[in-house]
Amino acid sequence: MSKEIVIPFGPQHPVLPEPIHLDLVIEDEKVKQAIPSIGYVHRGLETLVEKREYPEYVYLAERICGICSFIHGATYCQAVETVMNVEVPERALFLRTIWSEYSRMHSHLLWLGLAADAFGFENLFMDAWRLRESILDELEATTGGRVIQGSCKVGGVRRDIDGETLDAMTTRLDGFRGELKEISDVFLNDSSVKGRMKNVGILPAKEAYDYGAVGPTLRGSGVASDARMLGYAAYGKLHFKPVVEDGCDCYARCAVRMKEVYASIDIIKEAVQKIPDGPIEVKVTGKPEGEYFARAEQPRGEVVHYVKGNGTRHLARHRVRTPTLTNIPPLVKMLEGCELADVPVIVLSIDPCIGCAER
Amino acid sequence: MGYFQMTKTVVKALIHGPSTIRYPAVPGKRTPISRGHVTIDPSLCISCGMCMRKCPANAICVERQEKTWEIDRFRCHVCNCCVEVCPVHCLTMENTYTAAATVHEGRELVPITYVKPEKPAKKEPEE
Chain E
1 MSKEIVIPFG
11 PQHPVLPEPI
21 HLDLVIEDEK
31 VKQAIPSIGY
41 VHRGLETLVE
51 KREYPEYVYL
61 AERICGICSF
71 IHGATYCQAV
81 ETVMNVEVPE
91 RALFLRTIWS
101 EYSRMHSHLL
111 WLGLAADAFG
121 FENLFMDAWR
131 LRESILDELE
141 ATTGGRVIQG
151 SCKVGGVRRD
161 IDGETLDAMT
171 TRLDGFRGEL
181 KEISDVFLND
191 SSVKGRMKNV
201 GILPAKEAYD
211 YGAVGPTLRG
221 SGVASDARML
231 GYAAYGKLHF
241 KPVVEDGCDC
251 YARCAVRMKE
261 VYASIDIIKE
271 AVQKIPDGPI
281 EVKVTGKPEG
291 EYFARAEQPR
301 GEVVHYVKGN
311 GTRHLARHRV
321 RTPTLTNIPP
331 LVKMLEGCEL
341 ADVPVIVLSI
351 DPCIGCAER
Chain C
1001 MGYFQMTKTV
1011 VKALIHGPST
1021 IRYPAVPGKR
1031 TPISRGHVTI
1041 DPSLCISCGM
1051 CMRKCPANAI
1061 CVERQEKTWE
1071 IDRFRCHVCN
1081 CCVEVCPVHC
1091 LTMENTYTAA
1101 ATVHEGRELV
1111 PITYVKPEKP
1121 AKKEPEE
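From first to last, the protein sequence lines are chains E and C.
The numbering used here puts the first residue of the first sequence at 1, with every later residue one more than the last.
The numbering used here puts the first residue of the second sequence at 1001, with every later residue one more than the last.
Hints are computed from structural coordinates only; laboratory data are not their basis.
It is possible that some hints are incorrect.
Just so you have them, the derived chain E footprint on chain C, three or more residues with Cβ under 8 Å [as the list claims (entries may be wrong)]:
no.	stretch
1	1033–1044
2	1080–1091
DEER-style ranges, computed between Cβ atoms [stated by the list, open to error]:
no.	chain 1	residue 1	chain 2	residue 2	range
3	C	1033	E	332	41 to 49 Å
4	E	336	C	1014	42 to 50 Å
5	C	1075	E	87	30 to 38 Å
6	E	175	C	1113	48 to 56 Å
7	C	1026	E	175	18 to 26 Å
8	E	340	C	1098	40 to 48 Å
9	E	43	C	1048	47 to 55 Å
10	C	1024	E	336	45 to 53 Å
11	C	1118	E	311	42 to 50 Å
12	E	336	C	1032	21 to 29 Å
13	C	1077	E	47	16 to 24 Å
14	E	122	C	1032	34 to 42 Å
Calculated Cβ distances over 10 Å to all of chain E for the following chain C residues [stated by the list, open to error]:
no.	residue
15	1011
16	1014
17	1015
18	1024
19	1052
20	1054
21	1056
22	1068
23	1074
24	1100
25	1106
26	1111
27	1118
All C-beta atoms, glycine included, are put in the ideal place defined by N, C-alpha and C.
Just chain C, same shape as in the assembly (with noise of 0.2 Å):
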C-alpha cells in the first residue's frame, strides 16, 4: 500500500469537520416513523384494556373503575403493540424521546375523559 492511499481520507476529514452532531444544542435524528414514547388521547379512551393484555412488558395498567390509564415509562420498551392493537385508535406514538426522569417520575397516570354517548331513545312502537 502506497503512502498516500489515505491522505484522501485524511483531507475530506479535515474539511468535512465532524461527523457526530453536538447533541444537546442541535437536536437528534429521527424519522416520522422513530419510536420515542407512547402517548394517549384521554377524551376517545373506551378503557377496554386491550393495551393492558397485548403489553408484552406489562407497562401498562387499565383501571375501568376509576377511569384511570397509567403507564410505566421505565417497563415500557416502547414496541408500538399497544398502538397496533387499540381499537379507537386513541394510543400514538410520538417520535420524540421521553425526557429523563426520576424514579418518582416513571408512572404517569391519566384520568379518562371519555364520556359514553347516550343511546338514542327507542321509538316508542306505533300502534
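One chain only, chain E, in its complex shape (with noise of 0.2 Å):
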C-alpha cells in the first residue's frame, strides 16, 4: 500500500541554480502537490526607495537581479521618465535596445547551460556557457560592466557606441550566430535531449493562460503574448514578431529560448542599422508627481516596475512584479502528477530567478 511522504526541495539543492523551496507530496515517486514557500533571500529593496533618491536609485534597481539587470534598471528608468514627462532621445532608446537584447542572449545561454546540466549534458553545458562568455566581453567592451552594465540613467543612457564598434559588433554576431547554430542543433534535434524534456511538464495553452505564466512558459504553451510588441523604447521601429512554440512541454519552453537568441542577433542587428545621430541624454530637471506601471519584457518574461512620486526628490513607493512571481502558480501546476525524477527539469523550464521575485 503507499503512503504519502513530504520531500523538502531546496532552498539549497544541488540541481537548482537558484534558492527556491517547494514541499513535494509525494506518492509512489509521482508528485501528488508542491507547495511553494518564498522569502529566503529577501533584501527589502523596494523599501529603500524611501531613502534614496530617484536618480540613485537606478543602480539598486540594476541590482534586483544578477542576469536580468539592465532591463531592470532601463524599466525604471522608463517608469520615472514617463512620470516626469522626460523625452528621451531616440538614439539613447536604440542603445537600450541593443543592451537589452545582449543581457536576453546571455541570460537565455545561460538557462540553456544550466537546462543541459539539469539533465546531466555535461559538454553541451560547457559549450552554451563558452558562447555566453564571448557575449559576456560584448557587454563589458560597451558598458564597462560585465553583469551589472550601469549604463542606463533617468533621461538616457551613460555610455554611447561608436558607429565603427556597432559594425565590429554586427560582424562579430555573424560569427557567433556560426558557432550556435552547433549548439543549438544539440538542443533542437538531440534524443537524448528530446528524451529527458518532451512531453515532461506540460501546461495547455488556456492553462499558462489562466495561471498568470508569462514570457517563454507562456509562448512554450502556444501563446503569442510579448512585451516587447508594446514598442517601448525602440522595438517599436524594429520589425519584431514573438517566437512561439505550441509543444506545451518543457522541450518546447527550451526551443523558445533558443530560438529567442536567433531573434536577438537579428533585432540587434536591424538597430545598428537604423540607430539614428544625436544626443544620448537629455538633463532632467524637477520631482516625480505621479504614478506609473511601466512594462518590459525580461528573458524570463514580462516586468512590471510601478512607481509613485510624491512631489520629492525621494519616490513614496516602488513595486516590482517579476517574472517569477507570476510563473510559481503555473509551476506548481506543471508539477502535479508528474515523476520525482523530472522535478529538476520542470523546475528549471520556467528559468527560476529567486533573487528577482524576492527582491
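Take each chain as given, in its own frame, and dock them per the hints.
This is the structure in C-alpha cells:
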C-alpha cells in the first residue's frame, strides 16, 4: 500500500541554481502536490526607495537581479521618465534596445547551459557557457561592466557606442551565429535531450493563460504574448515577431529560448542599421509626481515596475512584479502528477530567479 | 540526428585547447572602460564632498576640516557615479581589480594635499 510522504526540495539543492523551496507531497514516486514557500533571500530593496533619491535608485533597481540587471534598470528609468514627462533621445532608446537584447542572449545561453546540466549533458553545458562568455565580453567592452552594466540613467544612457564599434559588433554576431548553430542543433534535434524534456511538465495554452504565465513559459504553450510588442524603447521601430512554440512541454520552452537567441541577433543587427545620430541623454530637472506602470520583456517574461512619486526627490512607492513570481502558480500546476525525477527539469523550465521574485 | 554530427565539435575541442584562461598566470581580460576600482589624485581634490553625497552605497567620506578622503572598498560597488560627478576630475576609474584584502584593509584614507591658489592681489584703485 502506498504512503504519502513530504520531501523538502531546496532552498539549497545540487540541481537548483536558485534558492527556491518546494515541499513535494509524493506517493509512489509521483508528485501529488507541490507547495512553494518563498522568502529565503528577501533583501527589502523596495523599501530603500524611500531612503535613496530617484536617480540613485537606478543602481539599486539594477541589482534586483544579476542576470536581467540592465532590463530592470531600463524599466525603472522608463517608469520615472514617464512620470516626469521626460522625452528620451532616440539614440538612447536604440542603445537600450541593443543592450537589452544582449542581456537577453546571455540570460538564455545561461539557462540553456543550466538546463543541459540538469539533464546531465555536461559537454553541452560548457559549450553554452563558452558562447555566453563572448556576449559578456561584448557587454563589458561597451558598458564597462560584465554583469551589472550600470549604463542606464533617468533621461538616457551613460555611454555611447561609436559607429565603428557597432559595425564590428554586427560582424562578430555573424560569427557568433555560426557557433550557435552547433549547439542549437543539439538542443533541438538530439534524442537524449528530447527523451528528457518531451512530454514533461505539460502546461496547456488555456491553463498557462489562466494561471498567469509569462515569457517563454507562455510562448512555449502557444500563446503569442510578448511585452516587446508594446513598442517600448525602440521596439516599435523594428520588425519584431514573438517566437511561439506549441509543444506545451519543457522541450517547447527550451526551443523558444533557443530561437529567441537568433531573434535577438536579428533585432540587434536591425537596430544597428537604423540607429540615428544625436544626443544620448537629456538633463532631468524637477521632482516626480504621479504614478505609472512600466512594462518590459525580460528574458524570463514580462516585468512590471510600478512607481509612485509624491513631489519630493524620494519616491513614495516602488513595486516590482517579476516574471518568476507570476510563473510560480503555473509551475505548481506543472508539478502536479509528474515523476519525482523530472522535478529539476520542470523547475528549471520556468527559469526561476528567486533573487528577482523576493527582492 | 546522425552519429557523427558532433564529431566536428569534438575534434575542434581537442585541437583548440581550453577556452578558459589560467588566471593567476595569465592576466584576466579587461577593456579600457572596464570598471575596476576608484583612485584619487589628492593634489586636485577640493574636498567639495560631491562624491560623498552622490555615492549610492555611502562608501566615500570626505572630511573638510581634516582634509581627508576616505573610501570603504568593501562598501563600494564600483558604479562610476563619483567619477561622473567630480567637478575637478580628480577621481578616476582604474580597470584593474582591487586585490583581495582583510577587514582591516577595506578602508583607505587619503590625505588631501590640494593647496588653494592664492587670489591675485586686488589692484589699488587708481587715483
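Taking 42 to 50 Å as the hint, is the beta-carbon distance of residue 336 of chain E and residue 1014 of chain C inside that range? 45 Å, holds
Chain E versus residue 1074 of chain C - minimum CB to CB distance exceeding 10 Å, so not interface: It holds; residue 1074 of chain C is separated from chain E by about 16 Å at its closest Cβ, greater than 10 Å.
Is 47 to 55 Å right for how far apart the beta carbons of residue 43 of chain E and residue 1048 of chain C are? 32 Å, violated
Range hint 18 to 26 Å (beta carbons of residue 1026 of chain C and residue 175 of chain E) holds or violated: Since the Cβ atoms of residue 1026 of chain C and residue 175 of chain E sit about 23 Å apart, the hinted range of 18 to 26 Å holds.
Residue 1106 of chain C and chain E, when compared Cβ to Cβ, separated by more than 10 Å: Since the minimum Cβ distance to chain E is about 20 Å, residue 1106 of chain C lies beyond 10 Å and the statement holds.
Lying within 48 to 56 Å: is that true of the beta-carbon distance residue 175 of chain E to residue 1113 of chain C? The hinted range 48 to 56 Å holds for residue 175 of chain E and residue 1113 of chain C, with Cβ atoms some 50 Å apart.
Range hint 30 to 38 Å: satisfied by the CB atoms of residue 1075 of chain C and residue 87 of chain E? 36 Å, holds
Whether residue 1068 of chain C stays farther than 10 Å from all C-beta atoms of chain E, as the label says: 24 Å, holds
Closer than 8 Å Cβ to Cβ for three or more residues is the test here. Does the stretch 1080–1091 of chain C pass it with chain E? holds (count 3)
Interface-negative label, residue 1118 of chain C against chain E, beta-carbon threshold 10 Å: Given a closest Cβ separation of 35 Å, the condition holds.
Are residue 1118 of chain C and residue 311 of chain E spaced within 42 to 50 Å by their CB atoms? 45 Å, holds
Assuming the hint says 40 to 48 Å, is it satisfied by the Cβ distance from residue 340 of chain E to residue 1098 of chain C or not? Taking Cβ atoms as reference, residue 340 of chain E and residue 1098 of chain C lie about 46 Å apart, which means the hint holds.
Against the hints set out earlier in the document, violations occur for numbers 9, 12, 20 and 21.
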